[in-house]
Amino acid sequence: MRVFAGFIKRIAGAACLGLVGMAAPAQAEIPDELFAALGLERNAAPNVLYEAIVKRYRDPEQGYSKGAFADLWEPIAFSKYMSPGLFYEGPDLDFEVSARECVECHQGVTPGWVHSWEKSVHSDLDEIRSLTPADSRFYKQDLIKQVETNLVSMGLLDEGQQLEEVGCVDCHMGIGAEGGNHKTDLHMPDAGDCGQCHLQQFAERESERDTAIWPQGQWPDGRPSHALSMLANYETAIWAGMEEREVAEGCTMCHTAQNTCNSCHTRHEFSAVEARKPEACSTCHNGVDHPEFENFMMSKHGVVYTAHGDEWDWELPLKEAFEKGGQTGPTCQTCHFENDGEYGHNLVQKVRWGFQPMKSIADNLDHEWFEDRKEAWIATCSQCHSDRFARSYFEVIDNVTIDAVEKVEEARTVMQGLYDDKLLVGQTTNRPPPPEPSKDAAGGFYALFWAEGNNPSAIEYEFTEMWEQRLMSVFKGVAHANPGGFTYTNAWSQLLRQGIRIRDEDTRLRERAAMLERIRKLENPE
Amino acid sequence: MRVFAGFIKRIAGAACLGLVGMAAPAQAEIPDELFAALGLERNAAPNVLYEAIVKRYRDPEQGYSKGAFADLWEPIAFSKYMSPGLFYEGPDLDFEVSARECVECHQGVTPGWVHSWEKSVHSDLDEIRSLTPADSRFYKQDLIKQVETNLVSMGLLDEGQQLEEVGCVDCHMGIGAEGGNHKTDLHMPDAGDCGQCHLQQFAERESERDTAIWPQGQWPDGRPSHALSMLANYETAIWAGMEEREVAEGCTMCHTAQNTCNSCHTRHEFSAVEARKPEACSTCHNGVDHPEFENFMMSKHGVVYTAHGDEWDWELPLKEAFEKGGQTGPTCQTCHFENDGEYGHNLVQKVRWGFQPMKSIADNLDHEWFEDRKEAWIATCSQCHSDRFARSYFEVIDNVTIDAVEKVEEARTVMQGLYDDKLLVGQTTNRPPPPEPSKDAAGGFYALFWAEGNNPSAIEYEFTEMWEQRLMSVFKGVAHANPGGFTYTNAWSQLLRQGIRIRDEDTRLRERAAMLERIRKLENPE
Amino acid sequence: MRVFAGFIKRIAGAACLGLVGMAAPAQAEIPDELFAALGLERNAAPNVLYEAIVKRYRDPEQGYSKGAFADLWEPIAFSKYMSPGLFYEGPDLDFEVSARECVECHQGVTPGWVHSWEKSVHSDLDEIRSLTPADSRFYKQDLIKQVETNLVSMGLLDEGQQLEEVGCVDCHMGIGAEGGNHKTDLHMPDAGDCGQCHLQQFAERESERDTAIWPQGQWPDGRPSHALSMLANYETAIWAGMEEREVAEGCTMCHTAQNTCNSCHTRHEFSAVEARKPEACSTCHNGVDHPEFENFMMSKHGVVYTAHGDEWDWELPLKEAFEKGGQTGPTCQTCHFENDGEYGHNLVQKVRWGFQPMKSIADNLDHEWFEDRKEAWIATCSQCHSDRFARSYFEVIDNVTIDAVEKVEEARTVMQGLYDDKLLVGQTTNRPPPPEPSKDAAGGFYALFWAEGNNPSAIEYEFTEMWEQRLMSVFKGVAHANPGGFTYTNAWSQLLRQGIRIRDEDTRLRERAAMLERIRKLENPE
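Going down the list, the sequences are from chains Y, R and C.
Residue numbering for the first sequence follows the UniProt record's numbering, starting at 1 and increasing by one per position.
Residue numbering for the second sequence follows the UniProt record's numbering, starting at 1 and increasing by one per position.
Residue numbering for the third sequence follows the UniProt record's numbering, starting at 1 and increasing by one per position.
Some hints here could point you the wrong way.
Identical copies look the same in the list; a pair holds intra-copy or inter-copy alike.
Here are the simulated lysine to any residue pairs, SDA-like style, with alpha carbons at most 25 Å apart [stated by the list, open to error]:
| no. | residue 1 | residue 2 |
| --- | --- | --- |
| 1 | K359 | R245 |
| 2 | K119 | A134 |
| 3 | K119 | D135 |
| 4 | K359 | F370 |
| 5 | K422 | T507 |
| 6 | K324 | L125 |
| 7 | K119 | E315 |
| 8 | K140 | A272 |
| 9 | K521 | R510 |
| 10 | K183 | H385 |
Honestly, the hints are just simulated from the structure, not real lab data.
Treat the numbers as computed from the prediction; the structure is a model and nothing was measured.
Given the sequences, and given the hints that come with them, work out the whole structure.
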């Protein structure tokens, strides 16, 4: 089990060195789990590392596919942009273009793109190379060198050659390409393309598959994670089975992180500054079943960000943001990119309750896997709070979540009873089954996207909201320290309300059944 | 039908000139439709143009009135500020004041006003006149000249004379006034007053009446629009009929755009910078039945604005914001002020689904009127996205909206059936009619503002929310590219929930009727 | 009754001097009521004033305690940080530390804290002392002198001695301490500790107890207020009685203002700039039962803040923000810290509807107490709006709120009827009592935090939401001038919906009772 180093040191009265500010590698270490999973040594050459990662990344058997329900659905026109690796084909523009012509023509045709690219590091590497150490972006000189090392190792750059610029063709036709055919050579880059240059970051991200292995199988291996987010989308039963494909593609829009890096680094500026701000997470991490952004913003953490964020130096890497950049409160990235004092693109190493608090987690929190992750969190919080404060707040988080799980389980028993007794409204007269591969159930997830006849009945929908949304609201509210967020506004009180409605309906339906029985007896006196 | 010029050019391999950045008039053209409607030549002199527009603008027969239900309601004290042209009378301060005295006295009495005005261009035209071309506000020198040309044409300024300053009296007593009586000469300016100087902008805004002419009469002529927004308010049946006039005036507060320019350019700074920011739209364009602001902010468009907006030069006009101002993502204004590459104050030229998706729109999308507007949108989106991307996303927008309209129509049939069969709760025993001029209906709009006895019944309110609010949430969510906004958070899932509740209630009420019939038969055996 | 000075002056044509910008004390006056309550002269020496205030502040009989239901609940581990005066004990670190060692060690152990402190005025008083009058923070030189005067008066600083720095030990071990034992000497500061230096602000805050004395006893003396916010929490029946203590502590997190100053001035920067921004209020003042922040942000006031706030000088004190700082629209602080042209930490001097509109307020608005406060508000609004505008908008606020109170009272009558007639679902078969000290009631407040069996029934929860949340949403929406906020989005329409549901359920339950009676008669013919 992890030892909380800072705390021990403090007790011992030894030289006080914290978790932040210690000498450390220039970048976060890629987790060991990835090397183990791929059978590689930690000092594998860039080309070897890349080949192993990208082979798995693009393997249809390992998630680069339409998934288990592939036969049930067809892509729509827009799908080619969501999963280009599966569905993209170049436009019907069958002519050759040079690297320079791409930029020149698109300056006229789609100027917005070009303006964004012009503001990116990609468009002017020499600007970075000319920075002095006083500039916050100076650290990017090292990143460029890393990129060049990677490309040399992969044979895409000559030894000693400098990368000139990263233009349209490099990503859309191949690194170093002089040009190509606008129809047959054009492709939409995936994370594997970005990973050729940004290998460290790609490796970190792909390591999510290897660290999200739940000890009691609460989630499938490697999930929930950004690395397998699109597979998770495609393998959601109702997603695959529902008829309205454009609505389904709305879900897909947030599950793109598996396929692309521009879910967070919006194209074509691919800004690190943007990706460091809480808003970068907001498009996907908001709303009824994962209200992280709202809860962060309403917390005191969010207040400090809003009130002082404009004074912070966002150009600095996360690791230096507090010490050198004037940051005084955490963003999403501060806590979720950090592990053991380092920062990287694996965001699931400390996940405990995950994306769905459930009984099988609540019952196993004393398992070493969960305990270790808790200690990792305590270390995170302890960068600003005392160890004791952090521990006592973790008790709040866990106990509130456990309380909420219990309320859900109570309601589940009532709902299952009604279902088993066939007392739900219309259950025996008008209950069409949900579309394949979804299975009929009391308050199934499908109710959020499909409904017909009396499937689901109104009270079942209430239960679906309860276990799928309110429970998450409670957890996300307390985990992000938004007081109203886990008490009355959108969480505990509303969780209770759903239990109240369920018990109310239970009483009502059973009284109705009794009344019908009395009428039946009156009609058929013995 | 509009030809998508950029796309054709690209195919042809001809010189690539985009929609933005081409040589163009200094300002957006006033749409032809306005000149046609007013029987004017495009080169009409400013005074001629102004007189024609303002005559229509202030015509009680054309919307400058209490509207069709005028007899049913009376203004409250606050109404004089909402519709000053109809209700304002000067305060009981019967003395003469000079232009200078206005400022001096109000510096003490209402200093906030004066501070705002002091920051406005109005208070110091010479500051603008002294700018060099390097200043982003340099373009305002042309605007001042335009204003002076207009005033000369109207006889309010001598040929060659410079406008000195725009002070209290100019707007509140008359352009160039030396002073006046604080009771009898004081008025609250309307858009027609602003239009004397800002004729181009006034004309653009007023052209909304002429471009919002729906081909199948889905909306009344000229609506929905800012130009007739107050009339739309006054002619809403339940608005006119409801008893609580102060609540009604809450609606009015957003419908002021017809009467004033300071709905967007907050008085007394009347800032263009403010009006270019998404928040300028937010007070009116948020909430359950028009959640544009929330959806924009949660979209990637909004994220780019939040993350990078502080680096953009907001002083530049919209047309130059990307190329010269560093803007890299769209705001509300970027897309809704634009038409055919130009920017102006007619915001309804591209409206298709409008403020209420409905079957009569869904069924006519292949009509030229809708097709043309779609092409105009594609051109807008294509400033940053490929034509093909834009088209495929438009399929998403339209199909999601059509799917949602269908769900509403299904529910409408069920609701109408219950209503026709007189099965709604309390329908035969306790259903008072809504106040005139509203008519009793199953799930009428009036339910949002009036309720009595069992009118409406609970399930009807649910239906009103469904067709009036959730449907809009679905459409506004998908149209603004907020994934959660059109799927589970506030839209598709909730639309389904309302359908679920309606079918649940239908089953329940019909089973209850059957049970009552069985009891009746038991009581009255034949 | 207060005379509206500016208005009279304006009428008289006398020299126009406004409420702002007049010669005035450097800081807001401490309200007379505090001196009267404590039996002090206004010119009492700092040590005398402090002793009197802090004695009352820390008096268990006057709110520094677990409150009236103390026997019913126990603190959890986290409670020590919420109410340190009651529950805090130092960590198990039994060794001596010097002032310097605190900083040095915590730089390693909890660097976030130290970074925040390093940015605070506390860490470098000499920086303030070296400012020239041109600096916006220059006024803080006077504040430091006031602090020093206070400390000299209390014997904590020698006459003529300068305060060097405010470090960890000064607040956590005692002002001027050289160091201490990390276990036994360490404490978490309360507002009384801050008040030794910041006496004026402490006195202002504590005066809330003396000015919130309601003329018809609508609220207990001194409440609602920040000064007695924790007592209010502890004396809420369901808070004390509920089983889930961690959920309860979620409520506590917002009620800390009584115990600490860092509810608004986040530790350890304790920034005035932060506390001047609307977001400082947001963590506590948002959500279903006090949506102030959301309503402000959606109002035109909020829009001006969002659009222009980055141009304003936030370092200036509130009183100078408009005149010298370029502020052009109000924040929360502009209006709620102001009274009679002065700004201070008593935020309840103008409270009228308070935290819960109720009939006993609606019926007494013509009482002098309410009238005086209304006039004080009119004076506030009149800094930017005309007196007449302000008055007419106050009519809107009051009438909308009265209308909403009436809707609640109508619903209350229906609910009470069902309760009295024992017709609520499960009322006679499955209604356990709420935990002590809560009492069973139709739609009691407890329903938001506790539920069991059919207590409450579903319709009661609806009523609780109606009177506790929607009513507040209506009031807060209209009071903060957010049109959608008091009409359709979260307020009037939803208030009606709850009334609709209540009447629907009333009809349904009474019809069901009648049906049961008919069945009973059929079963037992006479």
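**Message:** One pair to classify: K324 and L125, alpha carbons no more than 25 Å apart. Within, between, both, or neither?
**Reply:** Close inside one copy (24 Å) and across copies (21 Å); limit 25 Å.
**Request:** Tell me, please, which holds for K359 and F370 at an alpha-carbon limit of 25 Å: within, between, both or neither?
**Result:** The answer is within: 14 Å in one copy meets 25 Å, while 52 Å across copies does not.
**Request:** At 25 Å max between alpha carbons, let me know whether K119 reaches A134 within a copy, between copies, both or neither.
**Result:** both (21 Å within a copy, 21 Å between copies)
**Prompt:** Given identical chains, is K140 near A272, meaning Cα to Cα at most 25 Å, within a copy, between copies, both, or neither?
**Reply:** For K140 and A272, the Cα distance is within 25 Å only inside one copy (11 Å; across copies 35 Å).
**Item:** Homo-oligomer pair classification [E315, K119; C-alpha up to 25 Å]
**Value:** Answer is both; intra-copy 14 Å and inter-copy 19 Å each pass.
**Request:** At 25 Å max between alpha carbons, let me know whether K183 reaches H385 within a copy, between copies, both or neither.
**Result:** The answer is between: 17 Å across copies meets 25 Å, while 56 Å in one copy does not.
**Request:** Up to 25 Å between alpha-carbons, please classify K359 paired with R245: within, between, both or neither.
**Result:** between (33 Å within a copy, 20 Å between copies)
**Message:** If the cut is 25 Å between Cα atoms, do K422 and T507 qualify within a copy, between copies, both or neither?
**Reply:** both (14 Å within a copy, 15 Å between copies)
**Request:** Could you place K521 and R510 in one of the four classes (within, between, both, neither) given a Cα distance threshold of 25 Å?
**Result:** For K521 and R510, both the intra-copy (17 Å) and inter-copy (21 Å) Cα distances are at most 25 Å.
**Asked** How do K119 and D135 come out at 25 Å by Cα distance, when the copy is not named: within, between, both, or neither?
**Response** both (17 Å within a copy, 21 Å between copies)
The earlier numbered hints are all upheld by this structure, with none contradicted.
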